[in-house]
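Novice: Now for the letters of each chain:
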Amino acid sequence: MVDELLFFMEVVVGGLLAGTMYSLVALGFVLIFKASATFNFSQGAMVFFSVLAFCGFMQDFNVPFVFAFILAALLMVVVGLCTERFVLRPLMNASEDTVLMATIGLGYVLEGLAQAAWGVEVRRLDLGIGDFPVPWIADNLKLFISALDITAGLVATLMIIGLFLLFKYTKIGLGLRAVADDAGAASSIGIPLKHIMLLVWSAAGVVALVAGCMWGARAGVQFALVDLALKALPVLIIGGFSSIPGAIVGGLIIGATEKVLEVYIGPFFGGAIEGWAPYVLAIFFLLYRPEGLFGEKIIRRV
Amino acid sequence: MRPVLMTYTKNDIINFCVLMVLGLVIIPTFIKTEYWYTSILIPWLCLALATIGQQIVMGYTGQLALGAAGFMAAGAFACFNLILRVPELGFFGSLIVSGLIAAAFGILFGLPSLKVRGIYLMVATLASQFFIVWMIDKFGWFKNYDSSGIITAQDIVILGVPFTTPLAMYLIIVFVVTILTLLAMNMARGSTGRNWMAVRDMDIAAESMGVSLLRTKVQAFAISAFYCGVAGALFAFTYLKSLEPVAFDIKLSFKILFMCILGGLGTINGAFIGAAFILLFPVLLNSVGNNVFHGAIDATIISSIEQVIFGLLMIVFMIYEPLGMAKLWETIKQKIKSKISKK
Numbered sequence: 426m427v428d429e430l431l432f433f434m435e436v437v438v439g440g441l442l443a444g445t446m447y448s449l450v451a452l453g454f455v456l457i458f459k460a461s462a463t464f465n466f467s468q469g470a471m472v473f474f475s476v477l478a479f480c481g482f483m484q485d486f487n488v489p490f491v492f493a494f495i496l497a498a499l500l501m502v503v504v505g506l507c508t509e510r511f512v513l514r515p516l517m518n519a520s521e522d523t524v525l526m527a528t529i530g531l532g533y534v535l536e537g538l539a540q541a542a543w544g545v546e547v548r549r550l551d552l553g554i555g556d557f558p559v560p561w562i563a564d565n566l567k568l569f570i571s572a573l574d575i576t577a578g579l580v581a582t583l584m585i586i587g588l589f590l591l592f593k594y595t596k597i598g599l600g601l602r603a604v605a606d607d608a609g610a611a612s613s614i615g616i617p618l619k620h621i622m623l624l625v626w627s628a629a630g631v632v633a634l635v636a637g638c639m640w641g642a643r644a645g646v647q648f649a650l651v652d653l654a655l656k657a658l659p660v661l662i663i664g665g666f667s668s669i670p671g672a673i674v675g676g677l678i679i680g681a682t683e684k685v686l687e688v689y690i691g692p693f694f695g696g697a698i699e700g701w702a703p704y705v706l707a708i709f710f711l712l713y714r715p716e717g718l719f720g721e722k723i724i725r726r727v
Numbered sequence: 319m320r321p322v323l324m325t326y327t328k329n330d331i332i333n334f335c336v337l338m339v340l341g342l343v344i345i346p347t348f349i350k351t352e353y354w355y356t357s358i359l360i361p362w363l364c365l366a367l368a369t370i371g372q373q374i375v376m377g378y379t380g381q382l383a384l385g386a387a388g389f390m391a392a393g394a395f396a397c398f399n400l401i402l403r404v405p406e407l408g409f410f411g412s413l414i415v416s417g418l419i420a421a422a423f424g425i426l427f428g429l430p431s432l433k434v435r436g437i438y439l440m441v442a443t444l445a446s447q448f449f450i451v452w453m454i455d456k457f458g459w460f461k462n463y464d465s466s467g468i469i470t471a472q473d474i475v476i477l478g479v480p481f482t483t484p485l486a487m488y489l490i491i492v493f494v495v496t497i498l499t500l501l502a503m504n505m506a507r508g509s510t511g512r513n514w515m516a517v518r519d520m521d522i523a524a525e526s527m528g529v530s531l532l533r534t535k536v537q538a539f540a541i542s543a544f545y546c547g548v549a550g551a552l553f554a555f556t557y558l559k560s561l562e563p564v565a566f567d568i569k570l571s572f573k574i575l576f577m578c579i580l581g582g583l584g585t586i587n588g589a590f591i592g593a594a595f596i597l598l599f600p601v602l603l604n605s606v607g608n609n610v611f612h613g614a615i616d617a618t619i620i621s622s623i624e625q626v627i628f629g630l631l632m633i634v635f636m637i638y639e640p641l642g643m644a645k646l647w648e649t650i651k652q653k654i655k656s657k658i659s660k661k
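Read top to bottom, the protein sequences are chains A and B. For the first sequence, our numbering begins at 426 and goes up steadily by one. For the second sequence, our numbering begins at 319 and goes up steadily by one.
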């Protein structure tokens, strides 16, 4: 009985920690959605692009770890700059759906560029953190929890606290919230829209880079990251598109539910229900609470 | 005959006749190489049919859906099982029934559209994509307990006559696509299409005018999935010649989305233009890579460049011509016409 309980705990904790990885990706979506009410479908591609660039700098040019990270972050700022200038500004007055489709296009561009520049083979990324159970926890609590999962959890928590403070207490954060509320009104009282957009896209780029490092260390840096990032969508629906805490709670819910379902119900159906379970969960949320757990009620009734 | 020919002008009928002569007489007499049929014409028509399905739900009804490949998979495997288990139906019977089965899935996964729209709906339709492909993959019955994962599609036999050469398959596809395209055009022009467009342009206004949102949206999803299902069955039986769930992954859904958007939302001819472009452009790029640079550029780089160009085109079209290539074509035609009349 105790063993079963321990196993269940292990599954849940593993799921929760894996869920923080989804949260990290979802965070990038939320940042951009909060500041510009734009849904950035290319976030997954940004994750792939940034971490592939990071690996490329490190492995092809032998740039040291820290500098490679900074270079990759700067590259993401440049991507943000270009996006603001060449995609978002011309589409300032276009409908939401049009901007969404343009970001799908942007995603394709980033994926293509990344593969053209750095190749298509799977790269290994070693962060110096092993993806194996931490001995101390295994001995004392009898739970087998990977060090990488714990690191991802810590990083996600830190980033979320940081971003939360930024939005809540700084002048930039106030500007961001003003732009999100009404871009026209915000720009008429002198908030520089361009700078705000650039800032948000760069921040989303750096978040993507961090998320990419975590995913890359686990599964290798490869194209499949883009598909994994799609799972951030149900996370967003559950957490709410405009809520930073929502991103983490949504990630935790998705992570834990999908693992529990996979381990306890999956075997009856031949497994691999992880692939669609999050989306079906999201549909149920959509039916009963379409704005998500923490989101503002902005969805138009249809 | 009147209701079928309603609002069609003489020009439309002439265009139709020209296309039919081109498709059924000129192409079969002049194109003899198999490559053209198996690698270009057959996939083009199949994917164009699926794109029409996507157009119905996205271009005409304005619902952002991203699960076309899932419905194609449903149609393809339904057709395989029907031919295997209910041979009395014949090929066309199986094709129609498999379209109807896909339509049932369309209704099921279209239901969330009654509550949500935009990106929310996109996520809900992604569920259909992943669920259908997973279901086919995991339950052996759908694949007739074949363990290899790839099943060879049965030969197409109609009234005892086998249709196995590329040309014969092409003719079957032309037949099916013509009928379904005409049907789609009629629906789009008639009250059905008007309801779709009313919902797309402003759902609240449409509802207050007495258009039932439930009926209209579910109908659009069902018809869209029917088209995708038939297209999927044709795609598997004539182009892939095998059935594997992996062929209908999310990438194919994105491809069809691109065909739909680049071709021109809310147009039937846009579906054909978009499908042709997305299909032919890589062929062109590859031949440029092989003939101009003599293979100096790696194939993976060429496919990356192709992806970049598709993405860029998507952005450029969204900025300058959100109605896609079909609208661009119209504009060019207008300009040429006005130039000629000025002279």
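In case anyone wonders, no lab produced these hints; they're calculated from the structure. Be aware that a few hints might be false.
In silico lysine to any residue, SDA-like type, Cα no more than 25 Å apart, as pairs [unchecked claim]: (1) B:Lys456 with A:Ala644; (2) B:Lys559 with B:Lys645; (3) B:Lys645 with A:Ala519; (4) B:Lys433 with A:Ala644; (5) B:Lys456 with A:Thr682; (6) B:Lys573 with A:Arg714; (7) B:Lys328 with B:Ser659.
Since this is a predicted model, take the numbers as computed values, not measurements.
Novice: Which of the numbered hints above does this structure break?
Specialist: Violated: hints 2, 4, 6.
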